[in-house]
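K.L.:
The chain contents come next:
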Amino acid sequence: MTALILNYFRENSGRFWGMLAAHVQVSILSLGIAVLIGVPAGFLCVRWKKAQKYITGLFSVLRVIPSLAILLLMVPIMGTGTAPAVVALVLLAVPPILMNTVAGLEGVPPFMLETAEGVGMNPTQVWTKVRFPLAMPMILTGIKTAAVEIVASATLASKIGAGGLGDIIFAGIGLFKTELLLIGGMSVALLSLLTGLIFAIIEKSTMKHRTV
Amino acid sequence: MAVAIEFREVTKTFKGASYSAVNHVSLTVNEGEFITILGSSGCGKTTLLKMINRLYEPDSGSIILFGEDISTVDVVKVRRRIGYVIQQIGLFPHYTVGENIATVPKLLGWEKAKIAARVDELLDLVGLEPKEFRDRYPAQLSGGQQQRIGLARALAIDPKIMLMDEPFGAIDSITREKLQDELLNLHREMGKTILFVTHDIEEAFKLGDRVIIMNEGTVRQFDTPEAIIRQPADPFVQSLVDSAKAKEAFWREYL
Ligand SMILES: Nc1ncnc2c1ncn2[C@@H]1O[C@H](COP(=O)(O)OP(=O)(O)OP(=O)(O)O)[C@@H](O)[C@H]1O
Ligand SMILES: [Mg+2]
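Those protein sequences? They're chains A and B, same order as listed.
Numbered according to numbering that gives the first Met the number 0, the first sequence terminates at residue 211, and the numbering increases by one at each position without gaps.
Numbered according to numbering that gives the first Met the number 0, the second sequence terminates at residue 254, and the numbering increases by one at each position without gaps.
Just chain A, with the same shape it has in the complex:
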């Protein structure tokens, strides 16, 4: 088996790196868009209570749909390729980011906000200098959850033509080649671990005041 795996890398290393790059690209793109939607949506939820019911309601419904189902549902709507995969991954990633943004912002104690107002911050400064920074650890946790989910689900996305490490796995299934399954599976697992690690480092550097 080891020989088979080594052989694969000898003959296909170029293709492997290409698929890895595609996987990472789709993941980063999806995560970026999810953050750009999830964080502002979370802010809107907290800023205007009335919006909260609708926005969180919508996303908690979306959350219940299995990721594979979302992926396959995208095909009749958008066809195959990277675009529908990104849309599906974004839908998957927004809920944890949104929920944690809301929880983080609402978790800032009222006296902290009152202090900020009391020292003479205007409303915008209260948000940017106090409320968001204090919610940041929670928001980052949400983004991390989303990132790990995206990396794992991007594997399935290759089913609808988005490329990535899923291609190796599906090839392995199709050709009954266990070594391909192993290579694909392990790569995705390692990528997920790495993602978690990167976020752990980011969290640590943004939360000096908690850890020291």
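The set of hints was computed from the structure by calculation and includes no laboratory data.
Accuracy of the hints is not assured; some may be wrong.
To be verified - List time: in silico BS3-like cross-link candidates among lysine-lysine, alpha-carbon distance up to 25 Å: (1) B:K205 with B:K159; (2) B:K111 with A:K128; (3) B:K205 with B:K177; (4) B:K159 with B:K191; (5) A:K203 with A:K128; (6) B:K113 with B:K130; (7) B:K159 with B:K113; (8) A:K128 with B:K105; (9) B:K113 with A:K128; (10) A:K48 with B:K14; (11) B:K14 with A:K49; (12) B:K130 with B:K177; (13) B:K76 with B:K111; (14) A:K158 with A:K176; (15) B:K105 with B:K191; (16) B:K76 with B:K159; (17) B:K177 with B:K244; (18) A:K128 with B:K76.
Got chain A; can you put chain B with the ligands on it based on the hints?
P.N.:
Chain B with the ligands alone, transformed into the frame defined by chain A:
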């Protein structure tokens, strides 16, 4: 002597409450006075204080600072003229000690060098070695040190009026005694108008040039400690004074 703070028939009733947290309060504080506000929990001390920097708006009546009705002044401007030490200390946990003290100077766009110098000056003032403490986070300070930083932050832009809401709560009595003495020195040197909330009668009488005694949202007596002890205005004040005397007598037995 100029009048620093004036309350005219100020009333505040919170939504859903059957009583007024502050009930028709009228009083006048002169510039440079150290006023303590004494009263049991829930009598409206914090509410009274927060109306001065417009964290709460009165339902009726008006508050005048140095001749200016604060309801006509921009909220942010009012607050930046007042030093405020809140009951829960409220240091920003994600800011270092230095950044906490520099909060308002930064909002006002002071130069970096001027801010740094001011931070060190204030740390010295509240008795903390600047080099040692400047770069710590609040979580790395004891309760008493945090309260000193809260005081330093409130003093940062040298406001004429200081509002202090139980700044020495949750501090052991020795440190508390020391902080009280330091605050008295500060007041003597800087001549600020201070409103200081406490529910400790000894603290109120020790620090205050005059003491406001509150009960159930109303001012029962507003006078010098001496006058209050000599002539309590009503049974409530009388009972407060009696309780302090009883405590005193208790200690005397052991002398
Ligand atoms: N934000 C608020 N909303 C509703 N009611 C409030 C609010 N703040 C205070 N109250 C009520 O107003 C009354 C006065 O409260 P206040 O905080 O002024 O008391 P206090 O004298 O500062 O008490 P303590 O010594 O416990 O701090 C209390 O009955 C309290 O329950
Ligand atoms: Mg209070």
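K.L.:
Going through the earlier hints one by one, which of them does the structure break, listed in rising order?
P.N.:
Failing hints: none at all.
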